[in-house]
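J.: So the chains spell out like this:
There are 2 protein chains.
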Amino acid sequence: MRDAYVIGAGMTKFGELWSNSIRDMFVEAALKAIDDAGVDHIDSMYVGAMSSGLFVQQEHLGALMADYLGVVPMPATHVESACASGGVSFRQAFLEVASGASDIVLAGGVEKMTDGADVTDALATAADQEYEVYHGITFPGLYAIMARAHMQEFGTTREQLAAVAVKNHRNGSKNPNAQFRSEVTLEQVIRSTMVADPLRLLDCSPVSDGAAAVIVASEAVAKKLGKQRIRVAASAQASDTLALHSRKSLTTLNAVVAAAQKAYKMAGKKPSDIQIAEVHDCFTIAEVIVSEDLGFFEKGKGGEAAANGLTSLETGKIRVNTSGGLKSKGHPVGATGIAQIIELYEQLNGKAGARQVENARIGLAENMGGTGASCVIHILEAL
Amino acid sequence: MRDAYVIGAGMTKFGELWSNSIRDMFVEAALKAIDDAGVDHIDSMYVGAMSSGLFVQQEHLGALMADYLGVVPMPATHVESACASGGVSFRQAFLEVASGASDIVLAGGVEKMTDGADVTDALATAADQEYEVYHGITFPGLYAIMARAHMQEFGTTREQLAAVAVKNHRNGSKNPNAQFRSEVTLEQVIRSTMVADPLRLLDCSPVSDGAAAVIVASEAVAKKLGKQRIRVAASAQASDTLALHSRKSLTTLNAVVAAAQKAYKMAGKKPSDIQIAEVHDCFTIAEVIVSEDLGFFEKGKGGEAAANGLTSLETGKIRVNTSGGLKSKGHPVGATGIAQIIELYEQLNGKAGARQVENARIGLAENMGGTGASCVIHILEAL
Chain S
3 MRDAYVIGAG MTKFGELWSN SIRDMFVEAA LKAIDDAGVD HIDSMYVGAM
53 SSGLFVQQEH LGALMADYLG VVPMPATHVE SACASGGVSF RQAFLEVASG
103 ASDIVLAGGV EKMTDGADVT DALATAADQE YEVYHGITFP GLYAIMARAH
153 MQEFGTTREQ LAAVAVKNHR NGSKNPNAQF RSEVTLEQVI RSTMVADPLR
203 LLDCSPVSDG AAAVIVASEA VAKKLGKQRI RVAASAQASD TLALHSRKSL
253 TTLNAVVAAA QKAYKMAGKK PSDIQIAEVH DCFTIAEVIV SEDLGFFEKG
303 KGGEAAANGL TSLETGKIRV NTSGGLKSKG HPVGATGIAQ IIELYEQLNG
353 KAGARQVENA RIGLAENMGG TGASCVIHIL EAL
Chain Y
3 MRDAYVIGAG MTKFGELWSN SIRDMFVEAA LKAIDDAGVD HIDSMYVGAM
53 SSGLFVQQEH LGALMADYLG VVPMPATHVE SACASGGVSF RQAFLEVASG
103 ASDIVLAGGV EKMTDGADVT DALATAADQE YEVYHGITFP GLYAIMARAH
153 MQEFGTTREQ LAAVAVKNHR NGSKNPNAQF RSEVTLEQVI RSTMVADPLR
203 LLDCSPVSDG AAAVIVASEA VAKKLGKQRI RVAASAQASD TLALHSRKSL
253 TTLNAVVAAA QKAYKMAGKK PSDIQIAEVH DCFTIAEVIV SEDLGFFEKG
303 KGGEAAANGL TSLETGKIRV NTSGGLKSKG HPVGATGIAQ IIELYEQLNG
353 KAGARQVENA RIGLAENMGG TGASCVIHIL EAL
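Listed in order, the protein sequences are those of chains S and Y. By the working numbering, the letter at position 173 of the first sequence is numbered 175, and the numbering carries on one by one without gaps. By the working numbering, the letter at position 151 of the second sequence is numbered 153, and the numbering carries on one by one without gaps.
Bound conformation, chain S alone (with noise of 0.2 Å):
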């Protein structure tokens, strides 16, 4: 396999974004990708998207976008792994550019919520159609369950839930492009509405519109470009049951567990050695949960861990999440895998702004789909 290097980034402002549609946060995104990069053109392009059918019905999106973008008759694919597709679109760039069939991959996503589709609903067929949605629940009520377990198993508490929230928004607010940028209290969290008992309202990452998209190319075109920085150190992904309820563990997600060990291998490095992570907070549980799965702290240390400061980007041992994270940035199902990575390119070439961590090096990137029946990551590097 090459090496390959991510070479230019672009994203729309992620919210409720009324005027726009589909194609044009994705075009918005893609051109600012392309223009960031300096490319005169791209080879391929994958759109990652969860379920634009029931949103918006429209699928085809590989060739909509290739339409719209101008970019006839390059192969435009769409991929989906539920809120994993942004973290699969990127891996599918990868893998092209590694295969050395494209030097010049475009890796995007996007999803359009807020168009009248019954969101919670269209949510819930990334969970078990036959056996768990046909019974009625969905997903605020699947991570409570999770959320649940955690707290008899190891003790967790509603406040140290919370402190994710409270860290994730004071990160956002100082993203530009983050849905939410006010920052919340740990009072505001646990006397937020209650959504599914012990989740809240503020513990609950919103429904949003948005579209973010990278460039990956070859090392010689990211030489000749002289952008020969941001190196793509591992690209993992695994799966796990689909049903919560398969599995012998509830707090423990099997999928983040076998993608980390993949991706540590094969970029040669440890959990002690990433700087920053951004990770998949759809619900404040699951960042407890995966900054666990993660080896970042020991299994039902991660409420602990978060609350006393060891994840905040003024005070961590480890980064997590300083874009905003889903809960504050915004969470359009398609992006935002692929907004990960933004935030891990902007640190790792010291373009964060009022969120740069200082010597950022070492970036890793978890998305995952349903409750963690899909999880991908990567590990970026700047050399």
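Since the hints were derived computationally from the structure, they do not count as laboratory data. Among the hints, a few may not be true.
The list makes no distinction among identical chains, and a pair is therefore deemed to hold if it is satisfied within one copy or across any two copies.
Said to hold, decoys possible - The calculated lysine to aspartate or glutamate pairs, modelled on DMTMM-like cross-linking and capped at a C-alpha distance of 25 Å, are: (1) Lys264 x Glu221; (2) Lys34 x Glu132; (3) Lys271 x Glu161; (4) Lys226 x Glu316; (5) Lys264 x Asp42; (6) Lys271 x Asp45; (7) Lys250 x Asp26.
Using the hints provided, position chain Y relative to the given structure of chain S.
T.: For chain Y alone, kept in the frame of chain S given last:
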């Protein structure tokens, strides 16, 4: 890029499979392919499907199928390019093996279309929602426009279109997995119910359930298993404008032309080298146009060629759709591109039974989405 081989294949019967769910069908096809290949594991998997969200309220098919196939935590990714979803699934598997990232990859495709969804509306999401579907047109109407244009420009006749259906039903009558194993007469086609003038019921491929899967492997694995026989000589993909009205010509499919040029170049072949071709005959006119755009016949002569038996199993200079094509074999959209590869695999291995083409060594599969806004072409060669 490394060489890749097709070492195993399996599919369900295509048809109205009332007692089989989407997961049942995929697992059946995948297990058959794994068994046929004689492998004891796979490294990764792709699932091609167009719109399981709209058809059966289930996204996240990669993880679902990995779960039900019992291969968790293996990576599994859903890819979509409308009716070319199977073709892109095979292409991603090829790229993953060619990259060196994996040695044994399953490429599958599936669609469950008979479970109550409004099929014509769901399929219409492959067209441009904002500019085509919004104004009321669906696929029979779009292909009817192409047929009328071809008739006007080249004098293609109603009988020539019908000849495609007659041939494909005759081939399909010899295929045990085909949805329709009944032959039809020219008279029956041209007197069948009008759908969208000039296209009648027997010009249209049916609504189908089904799944198909193949195993793609590296040269080392193929060699070890004694299956170093069917090489993927070319994989090419291209796009066109999503909307038909944006194109300069209604009678040439630019994505087919562009993908074919790349495929022939990659394989070092020319159109006259191809002995058998599975092409995307969603409507009879599609086979006519594609057989021209692939370079098998001069532009405008595709209808005449079909009527004169130049594409038939019995008298063809090139045998087109020996499987029965989408028309007779059935068209569970996500499975179609893989089923095309399976027909080539069986023909090149001399295992196509009553449909066998003598000394078949080089075959081409052309799979497309929408009105040809995406196209994937593969060339397989028996060594």
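J.: From the Cα coordinates, with 25 Å as the cut-off, is the pair Lys250 and Asp26 best called within, between, both, or neither?
T.: between (43 Å within a copy, 24 Å between copies)
J.: Is it within a copy, between copies, both, or neither that the alpha carbon of Lys264 lies no farther than 25 Å from that of Asp42?
T.: Answer is between; shortest inter-copy Cα gap is 21 Å, intra-copy 35 Å.
J.: If the cut is 25 Å between Cα atoms, do Lys264 and Glu221 qualify within a copy, between copies, both or neither?
T.: Result: close both inside a copy and across copies, 23 Å intra and 24 Å inter.
J.: Between the shortest in-copy and the shortest cross-copy C-alpha distance, which are at most 25 Å for Lys271 and Asp45: within, between, both, or neither?
T.: So Lys271 and Asp45 pass the 25 Å test across copies only (23 Å; inside, 31 Å).
J.: With identical chains treated as interchangeable, where does the CA-CA distance between Lys226 and Glu316 reach 25 Å or less: within a copy, between copies, both, or neither?
T.: So Lys226 and Glu316 fail the 25 Å test inside a copy (37 Å) and across (55 Å) alike.
J.: With 25 Å as the alpha-carbon cut-off, assign the pair Lys271 and Glu161 to within, between, both or neither.
T.: For Lys271 and Glu161, the Cα distance exceeds 25 Å both inside one copy (32 Å) and across copies (67 Å).
J.: Classify it for me, Lys34 with Glu132: is the Cα-Cα distance of at most 25 Å met within a copy, between copies, both or neither?
T.: between (41 Å within a copy, 24 Å between copies)
Hint check: violations occur at hints 3 and 4; the rest are consistent with the structure.
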